[in-house]
Every structure is written in C-alpha cells, then in structure tokens.
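Visitor: Could you build all of it, start to finish, from the sequences and the hints given here?
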Amino acid sequence: MNSLPSFETTAATTAVPTAAVHPKITGRNVNVFYGEKHAIKDVNVDIPERSVMAFIGPSGCGKSTFLRCINRMNDTIPICRVTGDIRIDEQDIYDRNLDVVQLRARVGMVFQKPNPFPKSIYENVAYGPRIHGLVKSKTDLDEVVETALKKASLWNEVKDRLLESGTGLSGGQQQRLCIARAIAVSPEVILMDEPCSALDPIATAKIEELIDELKQNFTIVIVTHSMQQAARVSQRTAFFHLGIMVEEGATDQIFTNPVDTRTRDYITGRFG
Amino acid sequence: MFLTLFGILVAIAIACHLAGRRRSIALAGSNYAALHSLPGYYGAWLAIMTVGPALIVLVVWSIAAPNVLRSMVLSQFSAQLATSSVAQLDGFWRDIQAIAFGGTAGIRDAVRSDAAAVLSSRAATSTTMMIVLMAAVGVAGFVYAWNAIAPAFRSRHRVESVVKVLLAVSATIAILTTIGIVVSLIAESMRFFSMVSPIDFLFGLTWTPQQMAFRADQVGGTAAFGFIPLLTGTLLITFIAMVVAAPLGIMAAVYLSDYATPKVRAVGKPVLEILAGIPTVVYGFFAALTVAPFIRNSGHALGLDVSSESALAAGVVMGIMIVPFVSSLSDDVINAVPQSLRDGSAGLGATKSETIRKVVLPAALPGIVSALVLAVSRAMGETMIVVMAAGLAANLTLNPLEAVTTITVQIGTLLTGDQEFDSPKTLAAFGLGLVLFVITLSLNLVALRVVNKYREQYD
Ligand SMILES: Nc1ncnc2c1ncn2[C@@H]1O[C@H](COP(=O)(O)OP(=O)(O)OP(=O)(O)O)[C@@H](O)[C@H]1O
Ligand SMILES: [Mg+2]
Chain C
1 MNSLPSFETT
11 AATTAVPTAA
21 VHPKITGRNV
31 NVFYGEKHAI
41 KDVNVDIPER
51 SVMAFIGPSG
61 CGKSTFLRCI
71 NRMNDTIPIC
81 RVTGDIRIDE
91 QDIYDRNLDV
101 VQLRARVGMV
111 FQKPNPFPKS
121 IYENVAYGPR
131 IHGLVKSKTD
141 LDEVVETALK
151 KASLWNEVKD
161 RLLESGTGLS
171 GGQQQRLCIA
181 RAIAVSPEVI
191 LMDEPCSALD
201 PIATAKIEEL
211 IDELKQNFTI
221 VIVTHSMQQA
231 ARVSQRTAFF
241 HLGIMVEEGA
251 TDQIFTNPVD
261 TRTRDYITGR
271 FG
Chain E
1001 MFLTLFGILV
1011 AIAIACHLAG
1021 RRRSIALAGS
1031 NYAALHSLPG
1041 YYGAWLAIMT
1051 VGPALIVLVV
1061 WSIAAPNVLR
1071 SMVLSQFSAQ
1081 LATSSVAQLD
1091 GFWRDIQAIA
1101 FGGTAGIRDA
1111 VRSDAAAVLS
1121 SRAATSTTMM
1131 IVLMAAVGVA
1141 GFVYAWNAIA
1151 PAFRSRHRVE
1161 SVVKVLLAVS
1171 ATIAILTTIG
1181 IVVSLIAESM
1191 RFFSMVSPID
1201 FLFGLTWTPQ
1211 QMAFRADQVG
1221 GTAAFGFIPL
1231 LTGTLLITFI
1241 AMVVAAPLGI
1251 MAAVYLSDYA
1261 TPKVRAVGKP
1271 VLEILAGIPT
1281 VVYGFFAALT
1291 VAPFIRNSGH
1301 ALGLDVSSES
1311 ALAAGVVMGI
1321 MIVPFVSSLS
1331 DDVINAVPQS
1341 LRDGSAGLGA
1351 TKSETIRKVV
1361 LPAALPGIVS
1371 ALVLAVSRAM
1381 GETMIVVMAA
1391 GLAANLTLNP
1401 LEAVTTITVQ
1411 IGTLLTGDQE
1421 FDSPKTLAAF
1431 GLGLVLFVIT
1441 LSLNLVALRV
1451 VNKYREQYD
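Chains as they are written, first to last, in the numbering used here: chain C, 1 to 272; chain E, 1001 to 1459.
Do not take every clue at face value.
[What the hints assert, rightly or not] When the alpha-carbon atoms are kept at most 25 Å apart in a straight line, the in silico DMTMM-like pairs for lysine to aspartate or glutamate are as follows:
#1 K1358(E) / E143(C)
#2 K1358(E) / D1332(E)
#3 K1358(E) / D140(C)
#4 K1453(E) / E164(C)
#5 K1352(E) / E123(C)
#6 K113(C) / D260(C)
#7 K215(C) / D200(C)
#8 K119(C) / D1114(E)
#9 K1358(E) / E164(C)
#10 K206(C) / E123(C)
#11 K1358(E) / D260(C)
#12 K1453(E) / D160(C)
#13 K151(C) / D1343(E)
#14 K1352(E) / D92(C)
#15 K119(C) / D1343(E)
#16 K1263(E) / D142(C)
#17 K1352(E) / D75(C)
I should point out that these hints are in silico values taken from the structure, not numbers from a laboratory.
All figures in this text were calculated on a predicted structure; none of them were measured in a lab.
Guide: Here it is, written out as structure tokens:
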C-alpha cells in the first residue's frame, strides 16, 4: 500500500456540539466567493463519521459549492475563493503543505451525471489505484477491482464483460461504476452530488441501498433534490438557502419538526 | 448577350413570384386557411414554371450553339478547306470568329471575310431562334402554372421536389467530377503502363526520365521509370515532417486547451493559425535560404557530409508548415472532451498531467489520429518546399542529409515546359499521380477505420 498520510482520529472538537457521533469533517466560518458573488456565507457544520449527511435546498443555494469545498474541487475554478476552516480528522485541508492530490484520494466524489471514462469497465475501476500506486501486482489490482465492484453491487452484472467499455453500460450501472471507481481508491469520505438525478426509480433504489451499505465503511455526504431520498438514506440533514446553512440536525427532526420556517416551507413544498 | 438574357429572366422570375402570390391569395379570398401552402410557394411555383424551362433552353443553347455554328460554317466552305489539318481548321475558325465578332484575326483574306459574314448572319439567326424558343416555353409554362394555381393545389410539394432535384444535381456534379478525374487518371496511366511495364515502374530502383529521347530522330539515353526512389524520398520527407509536426502540434494543442489562460489562448490560437496561411513558396525559400545552409554548416562543423539540398531541411520546414493543421484540429477535439471526464479524473486524485495523459488524450485519440492523417496527406502532396529545399535528384537513400525528390515534384517537372502528350515521359506523370492517389486513399481508409473503432467506446 502506498503511504497515504493517516491521521489519528481524536476526540471531537468542542466548538459546535451538534453531532452526537464523532465528527469526521468540520467546517467553521466557511465563505466561498465566485469573483464578486458570495455563494456560501459563514457556514458551520460537523459531519459525523460513518454516516450519511444530506444537503438539501433550492437550486442555486450553494449545495454543490459547499460539497466541492470538501475535496477542493473548487481549486479548478480560477475565480473561486474559499475562506474559513475545513478540517478532516482535525487536519486543515486548505493547509499550504497539504497535497490536494492526496486529499482527493481520501475524499472521493461521485457526480450528478455518470461520467465513466471511455475505457473498459476494468480500467475505469483500476484507474485510481494505478495513479496512486496502491497496488504492486496485477493480481492485487484484480482483487481491488473485484472488491470495489462488489461493494458497489455491480460485480454480478459486469463480471463477464470487464473488458467492455464502461460507456456501454446503462445509466444506473454507469453511476454504480463511478461509485466503484471512487471506492477503489479506499477513500474515507465519499461526496455525491445528486447521484441519482439522471436515473430511473429502480436504479435510484439500487443506489440508495448501496449508500446505506457504504455508510458502514465511509463517511458520505450527499446533495439531493429529493426530500424522500434525504429522508430515506441520511442520518443528518442540512438545509441551505441563499448561501446560508439555515438549519442542520438529525434527519428525523428536520423532517418532522423543523425549527426554522424556511426549512418547514421548503420540505413541505411551499417554497418558491 | 447571355448575361442580359439571364438578367431579364431573373426580373421575370421576381415578377412571377409576386403575381403567383397575389393570385393564390386572391383565389383563396376570405377563406385564407383553405390555401394548401403558404402564398410564397404559389409564387415560387409560378416563377419556376415560367423561368425554369427558358433557363434550360438558354444554357443548353449557349453551350451547343458554337459547335453547331462551327460545323455549319466550315461545311459550307469545305471546298476551300479540304486540305487543311485540324490545327489549321482551328486557326481558321478563330480568325473568322475574330472578324465577325471583333478581335484580332491572325489572317484576313477573302475566304475568311466571306466565312465571317456567313457566321455573323447564322449567329444572329441562332440568337433569334433561341429567344423565340425561350419565350415560347416561358409563356407555355406560365399559362400552365397560372391555371394550376388553386387553393387545393399543393404548390409546396411541387416546389420542394424541384429543390430536391436541384440539390441532387449539385451533388451529382461534384461526384461526377471526382469520378471523371479518377477515370481519366486511370486511363492515362494505362497508356503509360502500355509503354513502360508496371513491374519496372513499381519496383525499379532508378528514375531517369530526362534521358528519354525528345524526338524520334534523337538518340536517347537509357530512360528508366523506377519509382522506388521517389517513393522513398516522399516517405522520408513525410516522416521527417511528421516527426517535427506531430509532437509540436499535439503538445501545442494540449497547452492551449488545458494549460493556457484564456488570454494566452485568445492570442495563441489565431497566431498559430496564421502559420497555416503562409504560402508554401515562402516556406520554400525559408527552407532553401535559411534552414538548408544552417543544416549544411552545422553538419560540416560536426564533420558530416551534407549536400546543400537535403531531405532534412525540406522535412523540417514542412513539419513546421503542418504544425497548425495538427494543433488546430487536435485542439478542437481535445476541447470537445467533456469537462465531466476531467472532473471525474481530478476527483479521484489524478494530477492535471495524469488526467491529460490517461483520460483526455485517449478520449481525443480518434480526432487526433485523423488530424495526423490529414497532415500526412498534406505533407505527401506538398511540392514547393521540396523543389526548393530537397532538390530534383532521385537518389535512392534513407539518409536525411542527402538530396532526394518526391512524387509530386517529379510530376511537376515532367509536365512543365513543352511536352508531347503521348511520350512515356509525360504520361509517367499520370502513373505517379495514380500511385499518389492510391496511397492517400488507403491512408484515409485506414484512418477512418481507426477512428470508427475508437469512436464506439467514445460515445
Ligand atoms: N463556476 C461558477 N462561477 C460563478 N458562479 C458560480 C459557479 N458555480 C456556481 N456559481 C454560483 O454559485 C451559486 C451556488 O451554486 P451551486 O452550484 O453551489 O448551487 P446548488 O445549490 O448546487 O444548485 P443546484 O441544486 O441547482 O445544483 C449559484 O448562484 C451559482 O450561480
Ligand atoms: Mg448543484
């Protein structure tokens, strides 16, 4: 195994005692600007380890922007500027000495639209382990690929066609392939930006089932427009509105007994 | 004459269009919705039916009339021209045309003046007949179409089928031209191969067509038409050019599409494309006057024997010339690779260069391959740079420091100056052309297959 920096998981910070479980990711006073536009305003959040956190909110409220802060994908947008403090296992991910490439190996991402590489199914999954030098031999790699595909519950469907192109799969299979691709790097966190928005209900159900299983090993943050989905898969939910995190709490509480009227209006569908 | 008539026809067409529109609207009356097609289609139909046949008469007549007139006039004077050769008949015909319609005639004599008088009266008759015929078909078409116009008349269908025919005719002209060129190329090559055996041509190792006797009474040297030296010369120069152009072009494209800031890109891309606009002669003298001497001098400094014209000089300059082809086409395909793939790769922790090498370039490969093939075809067809920088000597060598020559250059030299069009020396040009055509065609076919193979997984 390549030596990814491993961090001792220590006791939770005392700053914001919202999460009952040990927080994996903490954000403090996070602000994001696209040029002049203030897209995220003073967000504070604790994301607990080995659980699913859902971000909900109307379109354009900054869910994706905040999600992309967690693996620094916003670095690829020249006009984007992030201030504040985001830590994973106590480690400041915007630290100058931190290698963003290694950060992204620890924080995987699944995108809204399935985006398999135009390579074989096998190569899609092997891509991450290869670039990070995680495996020594072909047999190791085979095993990593198989395990990842199994965890993504795609193995049975593709085990006889590993050398066929990943782009030839159905949309739902492609999305599970993208999840397998992320898992293969053995990340600690998986970010999912509306992973089911391009899928039909059956494929969606499969992915939700998968997310439920994955939370045993990974910390998952998911952006979704579907209230039902957030209610089904997540333990905690955060509601964003106009760049502000209005309310955050246990999913049950947010959906049954929201504190803020904006949250209530949004989840009951009374929102513009 | 032709232009005047054409102008009149256009005017009539516009008038008919307006009239047809009006008539259709008038006929529909208050029940406008009953019109099958928009009024404009009725107008177009009327214009087509009136002007179309007249236009066909005009074009056909204008093409056919000169030949008919010529044979009529010449046959009338056949007694005086009985002993003339074809060339003399042509001269005679040119002279009387000049006398009749203005111009400088080579010879003016009684016979020619008589013939010219006959010609101008016949020509006048011909024009009158043409105009009468045009008017007749025009009126007939107009009357027919005018009466056909009715709300239920499906003018749109008619007009669209006329347009369809026009499109088909255009496509046919383009295709027939291509076929015509290929057929004549093959036919002339066959004549060549009846004089020089294809085996000698395709496998011969010496190329010395200049030693062909020009006339029957001249003693010729041993002309040899082995094209292998030309092929190796062409391949050598093309290879050198691609060694220069492929890496430069692709790397420039990668830089412009993925690394350059928008500002640099906005300036860099057009500048690179200006390179493509430089005439090849300019590259040619750049090669001959700057690059070739530079290579020779550096070679001498290293103790190498470099001829003053070398394959290397021509190849390098040609490579520079085709860099813009490679870079601009590759840049387009690299840009066409979806951003989502780049994000996907970056999200897995790949660096920018890993993303480009392992995701972007493979995804763009089909396009890059076709860009390269286009560049190869272009390099093989290039003549000017080679004439100026690589010379005319058909040396059979793979040494880039020697002078070589290429297929296109030899075609050029074979066909410049006064030539007889049935000597093997001249016909050899067609043989070479055919071979070049076959090579480029197979290159394109190979490229197509490669592209299709990769495209399947790209979509
Ligand atoms: N690359 C960018 N450049 C400039 N502004 C951006 C950029 N990306 C997002 N924004 C702006 O930031 C705000 C938040 O965008 P974001 O994509 O995070 O919203 P979202 O909550 O994910 O919306 P959706 O649910 O529609 O995906 C929006 O107002 C958007 O216009
Ligand atoms: Mg979004």
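Visitor: Each hint should be assessed against the structure and marked as holding or not.
Guide: We went through each hint and held it up to the structure:
1. K1358(E) / E143(C): Satisfied, since the Cα-Cα distance of roughly 22 Å is no more than 25 Å.
2. K1358(E) / D1332(E): holds, 18 Å
3. K1358(E) / D140(C): holds, 21 Å
4. K1453(E) / E164(C): holds, 13 Å
5. K1352(E) / E123(C): With Cα atoms ~19 Å apart, K1352(E) and E123(C) stay inside 25 Å; holds.
6. K113(C) / D260(C): violated, 32 Å
7. K215(C) / D200(C): holds, 23 Å
8. K119(C) / D1114(E): violated, 82 Å
9. K1358(E) / E164(C): holds, 18 Å
10. K206(C) / E123(C): holds, 23 Å
11. K1358(E) / D260(C): Between K1358(E) and D260(C) the Cα gap is close to 48 Å, so the pair fails against 25 Å, i.e. violated.
12. K1453(E) / D160(C): holds, 21 Å
13. K151(C) / D1343(E): holds, 23 Å
14. K1352(E) / D92(C): holds, 23 Å
15. K119(C) / D1343(E): Given that 25 Å is the threshold and the Cα spacing comes to 16 Å, the pair holds.
16. K1263(E) / D142(C): violated, 45 Å
17. K1352(E) / D75(C): holds, 12 Å
Of the numbered hints listed earlier, those contradicted by the structure are 6, 8, 11, 16.
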